[in-house]
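Chemist: Chain residues, written in single-letter form:
Number of protein chains: 2
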Amino acid sequence: MFIPSILSQGSPEQQAKWLPLCNSLKVIGTYAQTELGHGTFVRGLETLAVYDKDTRQFIVHSPNLTSTKWWPGGLGKTATHVILMARLILPDSNSSSSHGSRQKDYGPHGFVVQIRDMGTHLPLPGITVGDIGPKMGYNGVDNGYLRFNHVRIPKDAMLSRFSSITDEGAYIPPPKDNAKASYATMVYVRATIVRDAGEYLGRAVTIATRYTAVRRQTAPGPNERELQVLDYDGVQQTLLPLIAKTYALKFMGNAMMDMYDNFNKDRDAGNFNALPELHALSSGLKSLCTDIAAGGIEASRRTCGGHGYSMLSGLPTLFNSYVQNVTWEGDNNVMFLQTARYLLKAFLAVNQSAAGRKPIQGSASYLEEAITENRSLLPQQQKNMTSNSKCTVTSPEGWRRPQVQLDALKAVAIELAFQAAETLKRHHPHGSHLVFEGAPWNNSTVDLIKLAKAHCVYAMHQAMVARVAAMQHTTTTTLSPSCLAVMHRVTALHGIVCCNEAAADLLESGHVSPQQVAALRIEQRAVVREIRPDAVALVDAFGYEDYLLHSALGRKAGDVYNSLFSMAQGSPLNETEEGPAWQPVLKQLLSTRSRL
Amino acid sequence: MFIPSILSQGSPEQQAKWLPLCNSLKVIGTYAQTELGHGTFVRGLETLAVYDKDTRQFIVHSPNLTSTKWWPGGLGKTATHVILMARLILPDSNSSSSHGSRQKDYGPHGFVVQIRDMGTHLPLPGITVGDIGPKMGYNGVDNGYLRFNHVRIPKDAMLSRFSSITDEGAYIPPPKDNAKASYATMVYVRATIVRDAGEYLGRAVTIATRYTAVRRQTAPGPNERELQVLDYDGVQQTLLPLIAKTYALKFMGNAMMDMYDNFNKDRDAGNFNALPELHALSSGLKSLCTDIAAGGIEASRRTCGGHGYSMLSGLPTLFNSYVQNVTWEGDNNVMFLQTARYLLKAFLAVNQSAAGRKPIQGSASYLEEAITENRSLLPQQQKNMTSNSKCTVTSPEGWRRPQVQLDALKAVAIELAFQAAETLKRHHPHGSHLVFEGAPWNNSTVDLIKLAKAHCVYAMHQAMVARVAAMQHTTTTTLSPSCLAVMHRVTALHGIVCCNEAAADLLESGHVSPQQVAALRIEQRAVVREIRPDAVALVDAFGYEDYLLHSALGRKAGDVYNSLFSMAQGSPLNETEEGPAWQPVLKQLLSTRSRL
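Protein chains in written order, with my numbering: chain A, 1 to 596; chain B, 1 to 596.
Just chain A, with the same shape it has in the complex (with noise of 0.2 Å):
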């Protein structure tokens, strides 16, 4: 449960307290956050904390269906208490005694609220409490809905590290850093959520690949063996770019693990200077990632062919507990959006070159180039489709450089920075100059999130280049030349498959001919085939053992057949030879008709 966590915004105090409690397991707490009515929305959830001076006490209440707390994990049957987000309600000390008793709504902050009777763990007085039923995956958590009925809690639940309230209910705000550093919060969340994203991705396709190379289905001429599955081309540019992005993952997970523990020493030295650019960038990769990872689950899924629809290959209790990534911890598109923003108020910057600005650090610096770039913001009709850089390659090998694959990535950045720029002015009611909120902001989401997308990918394969080439450089490095040489082409491919994924837009900004786009694909069919001999140790170089897979067909040892048979064995309905539907159903259906 998430208590720990959460209860560092409480006051000193407040945590000598509970944490004790949570860590001895003498409390089972969660943290009630997400409603019925609203998720990602933050600010609009509706459950009421009122506070009562005179008994300085909260008054805790559901006033609507849309307010009852729905989701959170072990609050159905399980949870003692919970850290409630709800709506600090106080006196409102500006209106004016004669015109009753004025209340002002300060928004979402947290309580500690205890639910359950520890002795019977029946709900207390005021509280409904349950189970929301079965989802898709995680059915062995027991996500639940709480809702309060003027329930009364002491003044001294309120989480109170940053902001508090006087006994008299008057607020005492938090200090101008309190913010930021929830945000650095959740920049740590992201970053796990990327490095998991290649921990998934990663369990499906060792599971695909291992069994794709013992699969083997018809004969390519007569008195030939079976070909492997994944030999066949189609299966083989499906799973090895997933090895590659699986890669990438990972490096890029590292990565902003970095970044957060550099953003960390700055934070103690008082320096907040890099915050909103990673807070940008650890959004849209949250989204890129899990993105990635639950699209390439089901890809792998799909290359096992009817196996892989048997749960016994694993592959579909990965994809239906993955896929909640998309989205938990903020709707992907919704942080797409959050990347975008950064993004474009960057880019309109440069272009106007507003006077005094600071230049762009870090991930969007490129933005800068920009500038240089002949090609006005509006009417579309005129638009130049000039990438003032231009792709160099002559030949499909040309491809495999990593500086071509980045400036081609960069260059579609670049160009869909000024695709939702003109669609965002378009959709703005003067359309002379831009607004990044309301209608003009919501009705141009998808150039958005395209937009946060290509920056996203651009960063990634950053990462993963520069990981590499580190690899080479480090006199520690434990990898053999080799294998150095083997990760140099799964990097090639990574950025050779990112290009070709962009292929449309590459096309459309001029950055590239439709013969490099040519040479692009026979360049990605060489390398795969190259890294193919590759393709089984590169999945068991993940490591992850036959136990934690659970998959008969992920076998390390290859025993597809055998432990496909084995495990179905253990189906219920095998506990009788006859079957469960024997005596109570066939046995007087099959006799009944027998005698028409």
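Worth double-checking, as some hints may not be accurate.
[As the list claims (entries may be wrong)] The list that follows gives simulated cross-link-like pairs (lysine-lysine, PhoX-like), each with its CA atoms no further than 20 Å apart:
(1) A:K17 x A:K155
(2) A:K53 x A:K104
(3) A:K135 x B:K135
(4) A:K104 x A:K155
(5) B:K26 x A:K587
(6) B:K155 x B:K17
(7) B:K53 x B:K155
(8) A:K265 x A:K176
(9) B:K587 x A:K26
These are computed hints drawn from the structure, not numbers from a lab.
It should be emphasised that the depicted structure is a prediction, and the values quoted were computed from it without experimental measurement.
For this one, chain A is given, so just place chain B on it according to the hints.
Modeler: For chain B alone, kept in the frame of chain A given last:
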């Protein structure tokens, strides 16, 4: 179960014996084809049926683990009989008796085999049968496995309408049109799969459209009401194209049923001319349509945010049950390759101006136009990016015209035919001509599948345009002019979306300019916004009742939150207030810990 339809392969006497037993449920049958080791490649099946002419019996045997029958529905604990696909092994009349009893393998044939005792439902001697365990969906069906240990069955168990054997074990081959007739059955099955694709995607978009019209999240400005989720650009541009695709799938399903009926009339007159093209088109459409539906169901689910992850939304079950269609009845990639083989052969005939060839008929006849293209197939470096046809669009609105869209989709298919032919040539050892099998073929499948897909997209949009145009001219139509106008907009959106998805190929072919692609994006957004007011009506028109959708989010009356709350009460965890873990686990855990 499938016995009645498959029994059509039996002789009149066999049908007279078994059909009444099946239809009256005196026996329960299923169709046992797929094995642990072989699925789509039917010719690789390994189960044996060896004829013993002395006893006039077949000895049915599973010679190894991979020959175990695996997957047939209802086989595990329900079926009493199967129609078994096994290799027919007969004495080789050409071998001299001095060399012992030589045998000849005639490949898979069908046999009726009883597997369970009618009085006890226990497996008969020599039979091992059971359930294969849980699947991603369809867990109400006991998909089973089946093994034989030298089981003897009578000679007349072999289905012998088409091929049969003499008492001495001489093979009597099927008449010439037998294979063609079985193709026709496949065309029918695929037509139903295409029709069903529209049904299942229709359910998902109904749920998602209704929910996102009810769900509100985030106020666009101070004191404004939160926006309907369906009014965000990204959600709108996900769901409305899926609504258009659902209509396209339904039109395509109807058109395929008509094609099948027309072919049936021809067949009765002994005319099989349309079969190759019908087989090729139906294979690819099976793949295209199930890909669209499976991807579209999951995309719809994600627009529903967190609540889309709840089983109460109905969407996880829809996805997990439906997604088997991309593998079932021929893996989608393998099916696309059937289409590609037909297209490339036709394309090459056109390109090489083969003497005396007949012009291509039917859906691929547009390839005749490719011959007028001044484009050499090789070498790639000299590729001259010129679709002879050029898109004439000069404004975004121009993209609404069906002919503009169809010309573009045709240009994509021709471009991809060139690309696939070039790739296939490059993989041939001599590079000079094309072969449609072996390593060159297996090493080119990505390009081949892309071609097949583009061909089917073109065919599908043609079908939609034709059906909607016909509505206008039919005197019996019940559609009002305003409804017709909506159908024209939905058709326009479908064409625009298909073109947008093919943007990279359109640009590479030279059929469109970057400016025209930018106009395409503008027009897609414009048409989506025009259709938005009719979105809910367009899904209501599918006519799915609440009991069928079984979704808290998809309620026709929009009462989403009450439905979620009340459906959740049915969770088994909610049977007691304290929950099932309190007595056995939590009570002791919490009390032990509190003594620490």
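Chemist: Evaluate each hint against the coordinates.
Modeler: Against the structure, the hints come out as follows:
This hinted pair checks out: K17 of chain A and K155 of chain A have alpha carbons roughly 15 Å apart, not beyond 20 Å. A distance of roughly 14 Å separates the Cα atoms of K53 of chain A and K104 of chain A; the hinted pair therefore holds under the 20 Å criterion. For the suggested pair K135 of chain A and K135 of chain B, the alpha carbons sit about 16 Å apart, so the restraint of at most 20 Å is met. Our distance criterion of 20 Å between C-alpha atoms is met by K104 of chain A and K155 of chain A, whose separation comes to about 17 Å.
Taking the CA atoms of K26 of chain B and K587 of chain A, the gap is about 11 Å. The hint holds against a cut of 20 Å. With a C-alpha separation of about 15 Å, the suggested pairing of K155 of chain B with K17 of chain B holds against the 20 Å cut-off. Taking the CA atoms of K53 of chain B and K155 of chain B, the gap is near 9 Å; set against the 20 Å cutoff, the hint holds. Restraint check for K265 of chain A and K176 of chain A: the C-alpha separation of about 19 Å stays at or below 20 Å, so the hint holds.
For the hint linking K587 of chain B to K26 of chain A, the alpha-carbon distance of about 11 Å falls within 20 Å, and the restraint holds.
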